[in-house]
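Participant: In case you want the letters, here they are:
There are 2 protein chains.
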Amino acid sequence: MDIRLPYLIFLGAVVSVRDAKTGLGVRDWRPEACAGQWRLPGCAVDLGLPDLDPVAAVAAGAQSLLIGVAPVGGQIRPEWVPALVAALEAGLDIVSGMHTRLASVPELAQAAARHGRHLHDVRHADRRFPVGTGEKRSGKRLLTVGTDCALGKKYTALALTRAFVAAGHKATFRATGQTGIMISGGGIAIDAVVADFLAGAAESLSPANAPDHWDIIEGQGSLVHPGYAAVSLGLLHGSQPDVMVLCHEPHRLEIDEYPGFAIPPLGEVIDLHLALARRTNAAARFGGIALNTSALDDAAAARLLAGHEDRYGLPCFDPLRSDLAPVVAAVTEL
Amino acid sequence: MDIRLPYLIFLGAVVSVRDAKTGLGVRDWRPEACAGQWRLPGCAVDLGLPDLDPVAAVAAGAQSLLIGVAPVGGQIRPEWVPALVAALEAGLDIVSGMHTRLASVPELAQAAARHGRHLHDVRHADRRFPVGTGEKRSGKRLLTVGTDCALGKKYTALALTRAFVAAGHKATFRATGQTGIMISGGGIAIDAVVADFLAGAAESLSPANAPDHWDIIEGQGSLVHPGYAAVSLGLLHGSQPDVMVLCHEPHRLEIDEYPGFAIPPLGEVIDLHLALARRTNAAARFGGIALNTSALDDAAAARLLAGHEDRYGLPCFDPLRSDLAPVVAAVTEL
Numbered sequence: 012m013d014i015r016l017p018y019l020i021f022l023g024a025v026v027s028v029r030d031a032k033t034g035l036g037v038r039d040w041r042p043e044a045c046a047g048q049w050r051l052p053g054c055a056v057d058l059g060l061p062d063l064d065p066v067a068a069v070a071a072g073a074q075s076l077l078i079g080v081a082p083v084g085g086q087i088r089p090e091w092v093p094a095l096v097a098a099l100e101a102g103l104d105i106v107s108g109m110h111t112r113l114a115s116v117p118e119l120a121q122a123a124a125r126h127g128r129h130l131h132d133v134r135h136a137d138r139r140f141p142v143g144t145g146e147k148r149s150g151k152r153l154l155t156v157g158t159d160c161a162l163g164k165k166y167t168a169l170a171l172t173r174a175f176v177a178a179g180h181k182a183t184f185r186a187t188g189q190t191g192i193m194i195s196g197g198g199i200a201i202d203a204v205v206a207d208f209l210a211g212a213a214e215s216l217s218p219a220n221a222p223d224h225w226d227i228i229e230g231q232g233s234l235v236h237p238g239y240a241a242v243s244l245g246l247l248h249g250s251q252p253d254v255m256v257l258c259h260e261p262h263r264l265e266i267d268e269y270p271g272f273a274i275p276p277l278g279e280v281i282d283l284h285l286a287l288a289r290r291t292n293a294a295a296r297f298g299g300i301a302l303n304t305s306a307l308d309d310a311a312a313a314r315l316l317a318g319h320e321d322r323y324g325l326p327c328f329d330p331l332r333s334d335l336a337p338v339v340a341a342v343t344e345l
Numbered sequence: 012m013d014i015r016l017p018y019l020i021f022l023g024a025v026v027s028v029r030d031a032k033t034g035l036g037v038r039d040w041r042p043e044a045c046a047g048q049w050r051l052p053g054c055a056v057d058l059g060l061p062d063l064d065p066v067a068a069v070a071a072g073a074q075s076l077l078i079g080v081a082p083v084g085g086q087i088r089p090e091w092v093p094a095l096v097a098a099l100e101a102g103l104d105i106v107s108g109m110h111t112r113l114a115s116v117p118e119l120a121q122a123a124a125r126h127g128r129h130l131h132d133v134r135h136a137d138r139r140f141p142v143g144t145g146e147k148r149s150g151k152r153l154l155t156v157g158t159d160c161a162l163g164k165k166y167t168a169l170a171l172t173r174a175f176v177a178a179g180h181k182a183t184f185r186a187t188g189q190t191g192i193m194i195s196g197g198g199i200a201i202d203a204v205v206a207d208f209l210a211g212a213a214e215s216l217s218p219a220n221a222p223d224h225w226d227i228i229e230g231q232g233s234l235v236h237p238g239y240a241a242v243s244l245g246l247l248h249g250s251q252p253d254v255m256v257l258c259h260e261p262h263r264l265e266i267d268e269y270p271g272f273a274i275p276p277l278g279e280v281i282d283l284h285l286a287l288a289r290r291t292n293a294a295a296r297f298g299g300i301a302l303n304t305s306a307l308d309d310a311a312a313a314r315l316l317a318g319h320e321d322r323y324g325l326p327c328f329d330p331l332r333s334d335l336a337p338v339v340a341a342v343t344e345l
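Chain order of the listed sequences is A and B.
For the first sequence, the numbering used here begins at 12 and goes up steadily by one.
For the second sequence, the numbering used here begins at 12 and goes up steadily by one.
Rather than coming from a laboratory, the hints here were simulated on the basis of the structure.
Some hints here could point you the wrong way.
Chain copies aren't distinguished; within one or between two, either way the pair holds.
Under the rule of at most 20 Å between Cα atoms (straight-line distance), these lysine to aspartate or glutamate pairs were calculated in the EDC-like manner [as the list claims (entries may be wrong)]:
| no. | residue 1 | residue 2 |
| --- | --- | --- |
| 1 | LYS147 | GLU265 |
| 2 | LYS181 | ASP137 |
| 3 | LYS147 | GLU268 |
| 4 | LYS147 | ASP267 |
| 5 | LYS181 | ASP57 |
| 6 | LYS32 | GLU43 |
| 7 | LYS32 | ASP57 |
| 8 | LYS181 | ASP253 |
| 9 | LYS32 | ASP137 |
| 10 | LYS147 | ASP334 |
| 11 | LYS32 | GLU260 |
| 12 | LYS32 | GLU268 |
| 13 | LYS181 | ASP282 |
The model shown is predicted, which means the values in this text are computed figures rather than measured ones.
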């Protein structure tokens, strides 16, 4: 992938921060790659970046417009098309994580060809993957897994990668979703891979490496999710993690948007992961539990983490709040 | 799918019965749909059907040429193209289970357009599936699962469907692979679905039905397969089986073509399936074990089946050898 930086982050007329999570993730984790934000009339979200239109953004050095909105269904909205055409005319490439391919919109294909711009669909790998082999690769791998979607697997992997590097370890974040790819500039949107090649794509994502190098792999979905567990299992088998970190939102009792599907006790979730992970790495183990404690004050967060440490015998931390050095030490010492 | 029958089964110059398994499966399970076979010079496989070229096949009533060869990789071989063009010219449609799309071969696309013939790629659904919901559907479902690929999940499902119907039950075979689709005329090649929509595709395959109707669903891959387990899990979660039947080849000790990956004890395989299946159907259970005993004489087969019945407490049978009426009775009585 040959994405030119920095980005102008396009927010359209989005009104909920939740729907702007792609732009938010890139701003949080790669602020130096963000030249500004472009908000259409009605937009109620502010990423705290300079407000620029495409012409001003190009003058400020921006190279690519990034679609920072993640609407349900992943379709490019018709009302965005004139804005996207204007961006191409101003000199920007476009980077999209939508299911709809940019070039499938005739106006965008024509404008990109006319102005010599690139259209990047990071959700589509545009390459074939092999079937998974299950063969062991050199190097160490850590995979974040979760009790549900959208509860911190990407942020935990990014925070751990920083902490590994800060502690002097060789470590690489491996993105498996569109926002992670936009942040890191590489990776595979694993949920868009044809089912037969899921484990093979995961194997390709973290190739053989130096024996003391850590790939920190962004998890997807959940093994206990009624809709997405297959994605999680293919990623697990192909990643062959030495260490897993379980991500959990302590106030979430049911799978989001799946009423009646209770999140099982964490001990059961851990056992299920170990049973399946050991099929491709007999030494797979858990290295910690990451809890999102953002709704709690410091004292309550500390109590919650200590309680989970006692119960599960694993380091428990909030990736955005805790000192991660002890977690890194515990994971890498074994 | 609007496939016109009967078929002329194209065998190319195949020399191994194993590589002709698509043609063999259709001959075994839908002989009335097979007008003849077409073998090119060098072909060493004989399905026991009349040898016909396309012109003779059309005269005998054939409507579609079915590619009965399943080469590794699933590509259309260049040396087949003149033969396939001749079939289109003679008046036949073409039915293929290859990964390569028929219309991606320019000569085939042009000949089909010129003569008004249809090109059917049964491996590609050419429709979008929803994300799995996990919602309960009316009707009963039986899914064949296995300890590996290619050991009888399709034949077991087909044999059970016949036995269910023979016993007076309403039952429908649901194909999940290309050969099954060619046999039954419908279904979804589940391994070709984009990962995000696997469970949703499986839900679409066996829609709500009468409370006493049984969908007998063809399993794919294996939950203990290092390359394909994700396909199996998406199919399992979306199928929400009330009953599973475990298919096993008793002489197979390792996953085929995956040396070092031992097939676990059947008790472990059963427990793993139950733990995962109960996420979308809390009442999921095993209804029996199907063993391929073709390498054994009658007495040895009987001993093997009796030994497995004692050990696992489930009806054990060979789908091509045993009387299946007791199995159907046991499955449907509960």
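Participant: Classify it for me, LYS181 with ASP137: is the Cα-Cα distance of at most 20 Å met within a copy, between copies, both or neither?
Facilitator: Answer is neither; intra-copy 29 Å and inter-copy 44 Å both fail.
Participant: At 20 Å max between alpha carbons, let me know whether LYS32 reaches GLU43 within a copy, between copies, both or neither.
Facilitator: The answer is within: 18 Å in one copy meets 20 Å, while 57 Å across copies does not.
Participant: Evaluate LYS32 and GLU268 at a C-alpha cut-off of 20 Å and name the case that applies: within, between, both or neither.
Facilitator: So LYS32 and GLU268 pass the 20 Å test inside one copy only (18 Å; across, 43 Å).
Participant: Could you place LYS181 and ASP57 in one of the four classes (within, between, both, neither) given a Cα distance threshold of 20 Å?
Facilitator: neither (35 Å within a copy, 59 Å between copies)
Participant: Since the copies are identical, ignore which copy is meant and state whether LYS147 and GLU268 lie within 20 Å (CA to CA) inside a copy, between copies, both or neither.
Facilitator: between (37 Å within a copy, 15 Å between copies)
Participant: At most 20 Å between C-alpha atoms: does LYS147 with GLU265 qualify within a copy, between copies, both, or neither?
Facilitator: Intra 36 Å, inter 17 Å, cutoff 20 Å: inter-copy only.
Participant: For the identical chains here, do LYS147 and ASP267 meet the 20 Å Cα criterion within one copy, between copies, both, or neither?
Facilitator: between (35 Å within a copy, 18 Å between copies)
Participant: Since the copies are identical, ignore which copy is meant and state whether LYS32 and ASP57 lie within 20 Å (CA to CA) inside a copy, between copies, both or neither.
Facilitator: Within one copy only: 12 Å inside, 60 Å across.
Participant: Go through the copies and call it for LYS181 and ASP282: within, between, both or neither, with a Cα cutoff of 20 Å.
Facilitator: This pair counts as neither: shortest intra-copy Cα distance 29 Å, inter-copy 39 Å.
Participant: If the cutoff is 20 Å on CA atoms, where do LYS147 and ASP334 land: within, between, both or neither? Let me know, please.
Facilitator: Intra 32 Å, inter 44 Å, cutoff 20 Å: neither.
Participant: Taking 20 Å as the upper bound on the Cα-Cα distance, should LYS32 and ASP137 be classified as within, between, both, or neither?
Facilitator: Close neither inside one copy (24 Å) nor across copies (31 Å); limit 20 Å.
Participant: Is the C-alpha distance from LYS181 to ASP253 at most 20 Å within one copy, between copies, in both cases, or in neither?
Facilitator: This pair counts as within: shortest intra-copy Cα distance 15 Å, inter-copy 48 Å.
Going through the hint list in order, the structure does not satisfy hints 2, 5, 9, 10, 13.
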